[in-house]
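A.B. asks: Listed below are the residues making up each chain.
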Amino acid sequence: MEFLMAIVIGILFMAAVYLILSRSILKIILGTGLLSHGAHLLLLTMGGLGGTSPPVLAEGVADYADPLPQALILTAIVISFGVTAFILVLAYRSYAEHKTDNMNLMRGNDEHD
Amino acid sequence: MNFVLLIFLPIMAALFVPLLFRKLKDIHTGWFVLLVPVSLFIYYIGFIKTTMDGGHALSELQWIPSLGISFVSYIDGLSLLFTLLITGIGALVVLYSIFYLDKRKEKLNHFYVYLLIFMSAMLGVVQSDNVISLYLFWELTSISSFLLIGYWSTRDGSRFGALKSMMITVFGGLMMLGGFVLLGIMGDTFSIRELIASSPTFVGHEFFTLALVLVLLGAFTKSAQFPFHIWLPDAMEAPTPVSAYLHSATMVKAGLYLVARFTPIFAVSEVWIWLVAGIGLLTLFWGSFFAVKQTDLKAILAFSTISQLGLIMSLLGAGALAYHSDDPIFKFATFAAIFHLINHATFKGSLFMIAGIVDHETGTRDIRKLGGLMSIMPVSFTVAFIGSMSMAGLPPFNGFLSKEMFLQSMLAIRHFELFNFATWGILFPVIAWIASVFTLVYSFYFVFKTFAGQQKSEPLPIKPHEAPVGMLVSPVILATLVVGIFFIPNLIGKWLVKPAVMAVQPDLYNHPSEVDVDVAAWHGFDAPELWMTVSLVGVGLVLFLTLARWQKMYDIQPEYLSLNALYDSAMMFGEGGMNKLSRFYMTGLIRTYLIYMFAFIASITAATLFIKEAFVVDMDSFSPINLYGVLTAIVLVVAVCMVLLAKTRLSAIIALGAVGYSVALFFVIFKAPDLALTQLVIETISVALFLLAFKHLPSLNNHGQTKRNKIGNLIIAAGVGITVTLIALSAHSQKLIPSISQYYKDTVATEAGGGNIVNVILVDYRGFDTLFEIAVLSIAGIAVIAMIRLKLSRKEESTDENQ
Chain A
1 MEFLMAIVIG
11 ILFMAAVYLI
21 LSRSILKIIL
31 GTGLLSHGAH
41 LLLLTMGGLG
51 GTSPPVLAEG
61 VADYADPLPQ
71 ALILTAIVIS
81 FGVTAFILVL
91 AYRSYAEHKT
101 DNMNLMRGND
111 EHD
Chain B
114 MNFVLLIFLP
124 IMAALFVPLL
134 FRKLKDIHTG
144 WFVLLVPVSL
154 FIYYIGFIKT
164 TMDGGHALSE
174 LQWIPSLGIS
184 FVSYIDGLSL
194 LFTLLITGIG
204 ALVVLYSIFY
214 LDKRKEKLNH
224 FYVYLLIFMS
234 AMLGVVQSDN
244 VISLYLFWEL
254 TSISSFLLIG
264 YWSTRDGSRF
274 GALKSMMITV
284 FGGLMMLGGF
294 VLLGIMGDTF
304 SIRELIASSP
314 TFVGHEFFTL
324 ALVLVLLGAF
334 TKSAQFPFHI
344 WLPDAMEAPT
354 PVSAYLHSAT
364 MVKAGLYLVA
374 RFTPIFAVSE
384 VWIWLVAGIG
394 LLTLFWGSFF
404 AVKQTDLKAI
414 LAFSTISQLG
424 LIMSLLGAGA
434 LAYHSDDPIF
444 KFATFAAIFH
454 LINHATFKGS
464 LFMIAGIVDH
474 ETGTRDIRKL
484 GGLMSIMPVS
494 FTVAFIGSMS
504 MAGLPPFNGF
514 LSKEMFLQSM
524 LAIRHFELFN
534 FATWGILFPV
544 IAWIASVFTL
554 VYSFYFVFKT
564 FAGQQKSEPL
574 PIKPHEAPVG
584 MLVSPVILAT
594 LVVGIFFIPN
604 LIGKWLVKPA
614 VMAVQPDLYN
624 HPSEVDVDVA
634 AWHGFDAPEL
644 WMTVSLVGVG
654 LVLFLTLARW
664 QKMYDIQPEY
674 LSLNALYDSA
684 MMFGEGGMNK
694 LSRFYMTGLI
704 RTYLIYMFAF
714 IASITAATLF
724 IKEAFVVDMD
734 SFSPINLYGV
744 LTAIVLVVAV
754 CMVLLAKTRL
764 SAIIALGAVG
774 YSVALFFVIF
784 KAPDLALTQL
794 VIETISVALF
804 LLAFKHLPSL
814 NNHGQTKRNK
824 IGNLIIAAGV
834 GITVTLIALS
844 AHSQKLIPSI
854 SQYYKDTVAT
864 EAGGGNIVNV
874 ILVDYRGFDT
884 LFEIAVLSIA
894 GIAVIAMIRL
904 KLSRKEESTD
914 ENQ
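Each protein sequence line maps, in turn, to chains A and B. Take the first sequence: its position 61, counting from 1, is numbered 61 in the numbering used here, and each next residue is one higher. Take any residue in the second sequence, note its place counting from 1, add 113, and you have its number in the numbering used here.
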């Protein structure tokens with residue numbers, strides 16, 4: 001299963017990077033969304049996907065799923081939501097200011113060097 | 114008393130300067146500053162007794178002991194001589210500046226802060242026994258010199274000169290640091306004394322000559338030796354007190370100090386003798402020859418300083434001959450070098466101050482406009498006359514004594530047999546003689562063109578008058594010294610010069626009194642140096658009187674063939690080239706930078722995996738394939754493809770939602786119920802948020818992305834994707850250290866009393882982490898509100914203001 005997940009994660013990262021490198025702001029935001037999904041799954045896969053029961057103490061269960069990556073991912077999900085919300089508003093704002101969402105047009109000029 | 118701290122006294126005093134300047138407007142800030150060099154001078158005079166006995170004083174302040182770096186104040190004859198010059202001339206210069214710089218018009222708070230920083234730095238250079246702290250102070254002198262030259266920062270010339278001096282001296286300083294590090298490697302210590310002690314083992318070391326050349330580069334750039342001398346004339350843009358202090362009496366002598374200080378280490382080398390004596394002699398000639406070309410008073414003095422520094426440098430080089438021959442005639446040179454160093458500080462300091470007075474009282478420094486000031490400014494003329502005659506090497510002034518000794522030392526070189534000196538040694542007295550002729554010419558040129566003759570018909574910018582008494586005090590004191598030293602040279606020799614000579618050549622003498630030099634003005638009619646002086650005075654006088662006829666000869670050299678033009682074009686080329694280069698990769702497009710980052714991450718990680726053979730896949734550790742997992746994976750990949758290929762915003766957002774829900778399904782499959790719940794909630798909110806923003810964002814557009822762009826992006830994206838896959842596999846397959854998960858599983862009930870391990874980790878074991886996460890979220894929330902609320906009209910307002 002880990003092998004399959006590794007490939008899925010690779011695809012997620014590839015799609016994310018491809019979108020981030022595009023010129024439209026909205027695509028970049030979509031890309032960051034995919035990137036965080038990829039990162040979460042990567043964390044989970046690195047810890048191992050074995051474990052037959054959720055990490056909640058219960059009688060007679062010994063083989064818990066690894067709780068540590070889950071704790072990390074839980075934090076990451078919330079943070080990535082914050083980031084997504086922030087850059088969405090940033091995109092809205094910059095579009096309202098500059099009247100464009102073309103990244104090629106949004107660059108510093110010589111005065112800002 | 115821990116006198117190493119005194120090095121920092123001026124810098125500490127500098128902290129109070131702005132306050133004094135602001136609070137006590139009626140008193141010139143210079144009066145307070147004056148206390149610092151005066152008290153230091155008086156304190157350091159007390160060390161003369163120690164050094165006269167050949168002793169030294171030591172005081173240490175630990176800085177980075179683990180690296181062998183500390184502040185050490187090591188005061189022997191040489192350090193003390195320089196220390197007294199720095200504080201003594203410093204006091205006179207500060208006194209002079211009080212009258213030179215107007216307390217109402219000038220930014221005295223800046224000026225004196227820079228000057229005090231310089232004073233500390235310079236004291237540090239000459240007292241440090243540790244090469245690293247010496248380097249630190251050395252660069253600090255460059256920086257403070259930069260600030261002082263650029264003091265009138267609104268003038269183009271000031272900024273240009275400041276930058277030029279900084280570029281050249283800092284370049285040399287860096288080279289010198291390299292030399293120090295090599296010395297440190299050879300001697301396994303950064304202490305100069307210990308380096309000198311172990312120097313016999315350096316000879317023949319592979320780094321020896323390299324270290325020597327690097328250290329000399331530092332000395333030559335600082336002391337304005339050919340071809341690095343070009344910064345000094347441009348440094349004359351500084352206020353005259355600065356020129357008198359930094360650019361004639363102290364800072365430019367730091368290079369001489371360095372050469373003198375490292376003589377015991379390097380003097381055994383032929384390269385050292387040839388470089389130091391040869392470059393010194395060339396500089397002596399070059400400076401004196403071009404001094405006559407100048408028309409600006411300070412420029413004449415700048416070239417004359419270059420020339421005199423070359424003279425002292427060549428003497429230090431000749432002094433190294435004493436290491437190779439027991440003949441007493443070679444022991445002369447070092448004494449002459451130190452003696453001339455003192456004399457130069459006295460007469461050149463006074464001449465600079467006079468140039469400043471002329472500038473101050475007439476409004477111009479252009480020698481073509483000046484003339485006949487003798488009767489208007491009699492005191493200034495007298496001082497200028499004394500200084501110039503001393504510079505020309507005429508009696509009864511101190512310059513005569515050291516000039517004679519210089520000629521004597523140059524003549525002695527003829528008798529040296531080693532290192533090809535038998536063939537080329539004759540050049541030294543010949544060039545020295547020619548340079549001395551020009552020295553005489555420019556000295557006369559300086560004093561008589563300014564003060565003698567008729568006033569020019571063109572009126573001067575200011576009606577000339579004698580300077581105020583306060584301004585004359587310092588130059589008069591220096592001129593008195595010029596005359597006084599002529600009559601008591603052997604006393605000065607005993608107090609200051611001989612201890613310094615012993616410090617330069619510690620292996621040759623055990624006590625300063627063993628330095629067997631007796632300075633005399635008269636050596637009898639059969640002394641060759643007498644006839645050299647007589648002949649050069651004769652030739653020099655003829656040349657001076659016919660000056661108007663041959664001065665035009667200098668115009669033959671075209672401007673574009675000068676060293677200055679070389680420097681300018683090198684700077685232009687460097688700046689333009691660097692600009693082009695950085696423009697080439699700094700495109701200003703975020704996409705470009707992201708490409709660099711992603712390409713770098715992918716390639717370096719993949720390379721590390723490959724080189725370290727870290728890519729290991731342990732098939733046995735994989736958990737069995739799960740049918741639901743496969744299905745979810747297919748759904749997820751399809752959704753990702755939809756995001757990529759979506760033509761409209763809406764379909765892209767929905768596809769992104771699908772990806773998120775698939776991830777939530779994965780969490781369910783992999784036994785992570787908390788994650789699944791959170792992911793579902795967050796994903797729902799995210800999609801809602803996207804849809805809200807949807808209204809305000811433009812529709813999807815390629816913005817003219819070409820096929821080549823796309824392929825480039827795809828390659829990088831694929832590279833990152835593959836690398837991450839490899840990492841995921843190998844990270845799963847090898848666990849170098851056991852996970853701490855087991856600890857949580859074992860203790861969660863006993864320590865935290867909870868059942869849900871993930872929740873307990875978040876709120877208990879890693880409670881602070883969660884707290885800060887909440888903080889981050891709230892900051893993001895505030896930023897979101899701020900950006901929505903902030904009015905768009907700010908730009909329009911500012912244009913209104915412009916109207």
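Derived from the structure by calculation, the hints contain no laboratory data. Check before you lean on any hint, since a few could be wrong.
Claimed, not checked - Quick list of in silico lysine-lysine cross-link-like pairs, DSS-like style, CA-CA up to 30 Å:
#1 K99/A with K760/B
#2 K823/B with K99/A
#3 K760/B with K482/B
#4 K99/A with K808/B
As the list claims (entries may be wrong) - Facing chain B, from chain A, some residues (calculated, C-beta under 8 Å):
#5 T32
#6 L41
#7 G60
#8 L74
#9 T75
#10 V78
Stated by the list, open to error - Label-pair restraints from in silico Cβ distances:
#11 F728/B with T32/A: 42 to 48 Å
#12 D63/A with A865/B: 17 to 23 Å
#13 T32/A with L849/B: 16 to 22 Å
#14 T32/A with S736/B: 27 to 33 Å
#15 L174/B with A96/A: 56 to 62 Å
#16 L758/B with N102/A: 18 to 24 Å
#17 V876/B with A62/A: 21 to 27 Å
#18 A62/A with S812/B: 50 to 56 Å
#19 S812/B with I79/A: 35 to 41 Å
The structure displayed is predicted, hence computed values, not measured ones. Each residue gets a CB set at the ideal place from its N, CA and C atoms; glycine is no exception.
A.B. asks: Does each hint hold? Answer for all of them.
C.D. replies: Checked hints:
no. : hint                           : result
1   : K99/A with K760/B              : holds, 21 Å
2   : K823/B with K99/A              : holds, 24 Å
3   : K760/B with K482/B             : violated, 81 Å
4   : K99/A with K808/B              : holds, 14 Å
5   : T32                            : violated, 10 Å
6   : L41                            : holds, 7 Å
7   : G60                            : violated, 14 Å
8   : L74                            : holds, 6 Å
9   : T75                            : holds, 5 Å
10  : V78                            : holds, 6 Å
11  : F728/B with T32/A: 42 to 48 Å  : violated, 28 Å
12  : D63/A with A865/B: 17 to 23 Å  : holds, 21 Å
13  : T32/A with L849/B: 16 to 22 Å  : violated, 31 Å
14  : T32/A with S736/B: 27 to 33 Å  : holds, 30 Å
15  : L174/B with A96/A: 56 to 62 Å  : holds, 59 Å
16  : L758/B with N102/A: 18 to 24 Å : holds, 21 Å
17  : V876/B with A62/A: 21 to 27 Å  : holds, 25 Å
18  : A62/A with S812/B: 50 to 56 Å  : holds, 55 Å
19  : S812/B with I79/A: 35 to 41 Å  : violated, 29 Å
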